[in-house]
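Residue strings, one per chain:
2 protein chains.
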Amino acid sequence: MASFRTVKGFRDFFPEECAMRNYIFETWRSVARRYGFVEYEAPVVESTDLYRKKSGDEITSQLFCFHDKADREVSLRPEVTPSLARMATTRHRDFKKPLKWFQIGSCFRYEEPQEGRTREFIQFNADILGDASSGTDAELIALSIDVMLAFGIKAEDFAIRLSNRQIWTQYLEERQVPAEHSATFLQIVDKIERAKPDETACKLANIGLSLEDVRAFMAAADENHPAFAALRADLTARGLWQYVRIDASIVRGLAYYTGTVFEVFDLKHGLRAVAGGGRYDKLCALMSDGSVDMPAAGFAMGDVVLGILLSKTPSAQFAITEYLNAQQGVDAYVVVADEAQRCHALAAVQALRGAGVRVDFSMAAQKVGKQFQAAENQKARFALVFGAEFPEVQVKNLISREQTLVQNEALVATVLEALKHPAIGPLIA
Amino acid sequence: MASFRTVKGFRDFFPEECAMRNYIFETWRSVARRYGFVEYEAPVVESTDLYRKKSGDEITSQLFCFHDKADREVSLRPEVTPSLARMATTRHRDFKKPLKWFQIGSCFRYEEPQEGRTREFIQFNADILGDASSGTDAELIALSIDVMLAFGIKAEDFAIRLSNRQIWTQYLEERQVPAEHSATFLQIVDKIERAKPDETACKLANIGLSLEDVRAFMAAADENHPAFAALRADLTARGLWQYVRIDASIVRGLAYYTGTVFEVFDLKHGLRAVAGGGRYDKLCALMSDGSVDMPAAGFAMGDVVLGILLSKTPSAQFAITEYLNAQQGVDAYVVVADEAQRCHALAAVQALRGAGVRVDFSMAAQKVGKQFQAAENQKARFALVFGAEFPEVQVKNLISREQTLVQNEALVATVLEALKHPAIGPLIA
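Which chain is which? The protein sequence lines are A and B, in order.
Just so we're aligned: 293 in this note's numbering is position 293 of the first sequence, and the numbers increase by one with no gaps anywhere.
Just so we're aligned: 312 in this note's numbering is position 312 of the second sequence, and the numbers increase by one with no gaps anywhere.
Treat the hints with care, since some could be wrong.
Keeping only pairs whose Cα atoms sit at most 30 Å apart, straight-line, the calculated DSS-like set for lysine-lysine is [unchecked claim]: (1) B/97 / A/379; (2) B/69 / B/53; (3) A/420 / B/96; (4) A/8 / B/370; (5) A/96 / B/97; (6) B/96 / A/367; (7) B/367 / A/69; (8) B/370 / A/96; (9) B/53 / A/69; (10) B/282 / A/97; (11) A/8 / B/367; (12) B/191 / A/69; (13) B/191 / A/96; (14) B/97 / B/396; (15) B/367 / A/53; (16) B/191 / A/420; (17) B/282 / A/370; (18) B/396 / A/379; (19) A/282 / B/370; (20) A/8 / B/282; (21) A/282 / B/396; (22) B/8 / A/282; (23) B/196 / B/154; (24) B/53 / A/53; (25) A/8 / B/396; (26) B/97 / A/370; (27) B/69 / B/8; (28) A/367 / B/396; (29) B/96 / A/96; (30) A/8 / B/191; (31) A/97 / B/370; (32) A/96 / B/8; (33) A/96 / A/53; (34) B/367 / A/191; (35) A/97 / B/379; (36) A/370 / B/396.
In case anyone wonders, no lab produced these hints; they're calculated from the structure.
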């Protein structure tokens with residue numbers, strides 16, 4: 001029998017990858033909190049009907065859906081917004097509007113794995129419910145920009161592609177295209193950059209439009225379009241308009257968005273969108289069968305494309321290294337040079353940890369050389385050697401190589417004091 | 001159509017519950033790091049065979065198992081240890097032994113929900129691989145104790161129930177019970193406190209033993225038993241032996257544990273075990289078909305019973321309140337008293353957040369009274385009022401009610417300075 005592997009499209013997070021994941025989580029979390037967002041979490045399993053309600057029957061082809069043992073139709077969540085709408089509409093009276101909520105957790109899609117796409121991925125979701133103002137859209141776009149900047153991704157590395165569904169609604173009205181063609185039309189626009197011009201022109205002709213006219217309108221839709229005026233004023237005041245590019249080809253989830261739509265994308269590597277979102281004012285009413293009508297806007301950022309972008313962005317590396325250095329390893333390694341002193345060493349381990357010091361030691365009897373090697377592997381700043389000198393303990397700075405003898409009873413205070421001084425610590429290899 | 005609900009046994013984490021969850025996560029994480037453990041994560045979905053291999057076919061009755069669209073037999077993980085064994089054996093050459101690894105994440109069991117038991121629950125797993133010493137067992141038990149203490153759960157509230165599989169192996173050998181009865185016997189011991197004495201006696205008689213003899217042996221198995229000598233010396237040196245009670249009825253997962261077994265349980269409320277674990281030296285060899293033989297020990301602590309215990313333990317409340325106060329709300333709320341100043345207000349919001357200050361404001365135009373109300377709801381320490389006085393900004397301390405006018409250009413520095421002083425902040429209601 002072959003050894004076990006991960007299921008196709010799923011990932012192991014060994015300690016190094018897990019530390020990187022935690023770095024991403026903490027960055028998302030800290031920027032969201034600066035923006036006054038509060039964290040929530042939804043179940044990983046929801047009824048399949050929840051996703052059908054939002055996206056129609058076709059969605060099930062991309063779902064990890066199954067029947068549980070009581071024959072309930074359930075799915076691993078492909079996204080969190082339907083759960084958010086369920087939660088927020090169920091208890092909307094309990095919270096002051098607007099709700100500024102964020103979430104971080106795994107989602108699952110049954111899609112063919114490829115670069116930037118896994119079957120289990122982690123999303124950061126930020127949404128504002130109960131405020132229809134364009135200031136809300138600006139707040140979300142600003143958050144997405146500040147998240148990128150917090151990762152050390154700079155103006156030359158990324159941009160926001162911005163559009164608004166309304167400009168196409170207006171376009172269709174002006175050309176007297178019947179409303180029932182609206183979805184078809186948006187599908188055509190969504191694919192306009194990738195599809196063959198001939199085919200696109202043919203599809204447009206079917207609903208009475210010409211490719212030239214659509215192209216001309218797209219080219220003319222710039223930041224002076226009135227649909228962007230309020231957003232532009234807001235983001236300009238924040239000094240963030242420089243990150244925005246108007247792009248009328250941005251459409252996103254078809255039946256879903258109602259106004260502003262945007263994507264965060266990298267400028268150098270042609271990756272998939274790092275994040276995307278917009279205004280979806282009708283979802284809460286849809287999910288609550290009309291009982292709670294609450295305007296809403298939000299965006300989601302995945303960890304997979306972001307991770308690729310971080311690995312390709314030199315200016316992002318410094319913060320990562322700093323984080324990993326701070327998180328990994330221990331402060332002190334207790335070396336038992338004389339097994340007769342193990343009891344005293346254990347008492348010191350306990351006292352140091354109790355004082356908040358990260359301490360490791362060899363749980364089994366080991367040669368002293370091996371213990372020092374382990375201390376180095378663990379990137380310890382100090383080795384604390386319990387040997388024949390006890391009750392004196394040798395404190396050895398593993399970076400400067402200085403060493404000194406300390407009375408055991410003063411050990412915790414000495415280590416705490418020494419740790420206050422910034423060390424030129426051993427860098428992560 | 002009725003509104004959507006969570007699937008049976010699954011939980012929503014609204015912001016307050018999510019903050020509590022994060023408090024539990026951070027406490028687990030910080031104590032584990034003090035002990036020199038590093039974090040990993042495994043996939044939520046694994047092949048069902050992984051769990052069959054460890055636990056036999058019966059396990060599938062408790063699994064959320066299904067066939068994916070390519071007919072793979074997969075399961076939502078019911079526990080993380082099989083994934084850990086898979087990961088650690090696959091890449092065992094890449095890591096120095098011993099591995100001290102911890103993990104925090106959701107697990108899933110198809111069991112009837114009841115107090116202390118949900119279908120999706122979160123586990124903290126701590127394991128040490130590659131070290132067979134009793135010092136490893138002591139390290140894990142010490143970690144479980146320090147985690148409880150870190151939550152403010154005190155000596156009078158909890159204890160460790162400790163046993164060792166070896167004492168029963170030795171017992172059976174001394175009474176010449178054939179090895180093939182060992183599993184049956186342990187099952188009987190596992191249920192000895194709950195089953196009817198008559199039935200237990202009958203079952204024991206079938207394998208040539210008497211209930212009286214088993215009971216007498218259990219009563220005699222105290223801390224002086226040689227199986228506990230090394231553990232006792234170690235934990236005594238750490239000052240932690242006081243938390244331990246020898247309890248020979250502790251058996252735990254049948255085919256799995258090979259030596260030390262222990263549970264963390266509360267002393268006042270009769271809850272299910274808060275955590276449990278032990279030594280499982282044969283699992284890595286089993287999961288790698290004998291190719292990697294690595295001793296191992298570990299324990300898991302769930303969030304559900306722990307959460308109930310925290311809610312019932314007064315001494316645990318202070319730390320929770322302190323955490324929630326620090327995490328929730330914002331530092332400053334920007335009030336736009338004059339819409340003509342919104343641009344300046346937005347610039348200030350951006351500058352303050354850029355300096356790390358948590359700031360909220362009303363994204364839509366609002367009456368000043370409503371904005372101050374929102375500032376209170378958000379537990380802001382300061383309101384920063386942009387009105388006709390601009391470029392002077394009114395800084396209002398919402399706790400002391402003091403207020404002062406500050407030049408806009410000095411605003412960030414003023415707020416940063418003011419936040420340095422500990423405030424008697426508004427407590428969470």
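Against the structure, the hints:
Between residue 97 of chain B and residue 379 of chain A, the direct Cα distance comes to roughly 15 Å. Compliance with the 30 Å bound is thereby established for this hinted pair. Using a Cα cut-off of 30 Å, the hinted pair residue 69 of chain B and residue 53 of chain B holds, with the two alpha carbons roughly 23 Å apart. For a cut-off of 30 Å, the pair hint linking residue 420 of chain A to residue 96 of chain B stands: about 29 Å separates their Cα positions. Distance check on the hinted pair: residue 8 of chain A and residue 370 of chain B sit about 52 Å apart at the alpha-carbon level, beyond 30 Å; violated.
Under the criterion of a C-alpha separation no larger than 30 Å, the hint pairing residue 96 of chain A with residue 97 of chain B is inconsistent with the structure, at around 52 Å. For the given pair, residue 96 of chain B sits about 16 Å from residue 367 of chain A by alpha-carbon distance, which is consistent with the 30 Å threshold. A hinted pair counts as satisfied when its Cα atoms are at most 30 Å apart, and residue 367 of chain B with residue 69 of chain A does not qualify at roughly 54 Å. Distance restraint check for residue 370 of chain B and residue 96 of chain A: the Cα-Cα separation of roughly 11 Å lies within the 30 Å cut-off, and the hinted pair is therefore satisfied.
A threshold of 30 Å between alpha carbons decides the hint, and for residue 53 of chain B with residue 69 of chain A the separation of about 21 Å falls inside it, so the pair holds. Taken as a hint, the residue 282 of chain B and residue 97 of chain A pair is broken in the structure, with Cα atoms around 55 Å apart against an allowance of 30 Å. A distance of roughly 55 Å separates the Cα atoms of residue 8 of chain A and residue 367 of chain B; the hinted pair therefore is violated under the 30 Å criterion. Between the alpha carbons of residue 191 of chain B and residue 69 of chain A the distance comes to roughly 27 Å, so the proposed pair stays at or under 30 Å and holds.
The hinted pair formed by residue 191 of chain B and residue 96 of chain A fails the criterion: a straight-line CA distance of about 51 Å is larger than 30 Å. For a cut-off of 30 Å, the pair hint linking residue 97 of chain B to residue 396 of chain B is broken: about 57 Å separates their Cα positions. A threshold of 30 Å between alpha carbons decides the hint, and for residue 367 of chain B with residue 53 of chain A the separation of about 38 Å lies outside it, so the pair is violated. For the given pair, residue 191 of chain B sits about 53 Å from residue 420 of chain A by alpha-carbon distance, which is inconsistent with the 30 Å threshold.
For the hint linking residue 282 of chain B to residue 370 of chain A, the alpha-carbon distance of about 26 Å falls within 30 Å, and the restraint holds. Proximity of residue 396 of chain B to residue 379 of chain A is assessed by CA-CA distance (about 47 Å); at most 30 Å being required, the pair is judged violated. Taken as a hint, the residue 282 of chain A and residue 370 of chain B pair is honoured in the structure, with Cα atoms around 26 Å apart against an allowance of 30 Å. Between residue 8 of chain A and residue 282 of chain B the alpha-carbon distance is near 27 Å, which keeps this suggested pair within the 30 Å criterion.
With a CA separation close to 38 Å, the supplied pair residue 282 of chain A and residue 396 of chain B exceeds the 30 Å bound. For the hint linking residue 8 of chain B to residue 282 of chain A, the alpha-carbon distance of about 27 Å falls within 30 Å, and the restraint holds. About 34 Å separates the Cα atoms of residue 196 of chain B and residue 154 of chain B, which puts this hinted pair outside 30 Å; it is violated. Only pairs whose Cα atoms come within 30 Å are accepted, and residue 53 of chain B paired with residue 53 of chain A is rejected, the gap being roughly 39 Å.
Annotation: proposed proximity of residue 8 of chain A to residue 396 of chain B is violated, straight-line Cα distance about 56 Å (limit 30 Å). The suggested pairing of residue 97 of chain B with residue 370 of chain A holds, with an alpha-carbon distance near 11 Å, which does not exceed 30 Å. Taking the CA atoms of residue 69 of chain B and residue 8 of chain B, the gap is about 24 Å. The hint holds against a cut of 30 Å. Note on residue 367 of chain A and residue 396 of chain B: the hinted pairing is violated, with a Cα-Cα distance of about 63 Å set against a maximum of 30 Å.
The suggested pairing of residue 96 of chain B with residue 96 of chain A is violated, with an alpha-carbon distance near 52 Å, which exceeds 30 Å. With a C-alpha separation of about 40 Å, the suggested pairing of residue 8 of chain A with residue 191 of chain B is violated against the 30 Å cut-off. Proximity of residue 97 of chain A to residue 370 of chain B is assessed by CA-CA distance (about 11 Å); at most 30 Å being required, the pair is judged to hold. Among the hinted pairs, residue 96 of chain A with residue 8 of chain B is consistent with the structure: their alpha-carbon atoms are about 28 Å apart, no more than 30 Å.
Between residue 96 of chain A and residue 53 of chain A, the direct Cα distance comes to roughly 27 Å. Compliance with the 30 Å bound is thereby established for this hinted pair. Our distance criterion of 30 Å between C-alpha atoms is broken by residue 367 of chain B and residue 191 of chain A, whose separation comes to about 44 Å. Our distance criterion of 30 Å between C-alpha atoms is met by residue 97 of chain A and residue 379 of chain B, whose separation comes to about 15 Å. Restraint check: the Cα-Cα separation between residue 370 of chain A and residue 396 of chain B comes to about 60 Å, which exceeds 30 Å; the hinted pair is violated.
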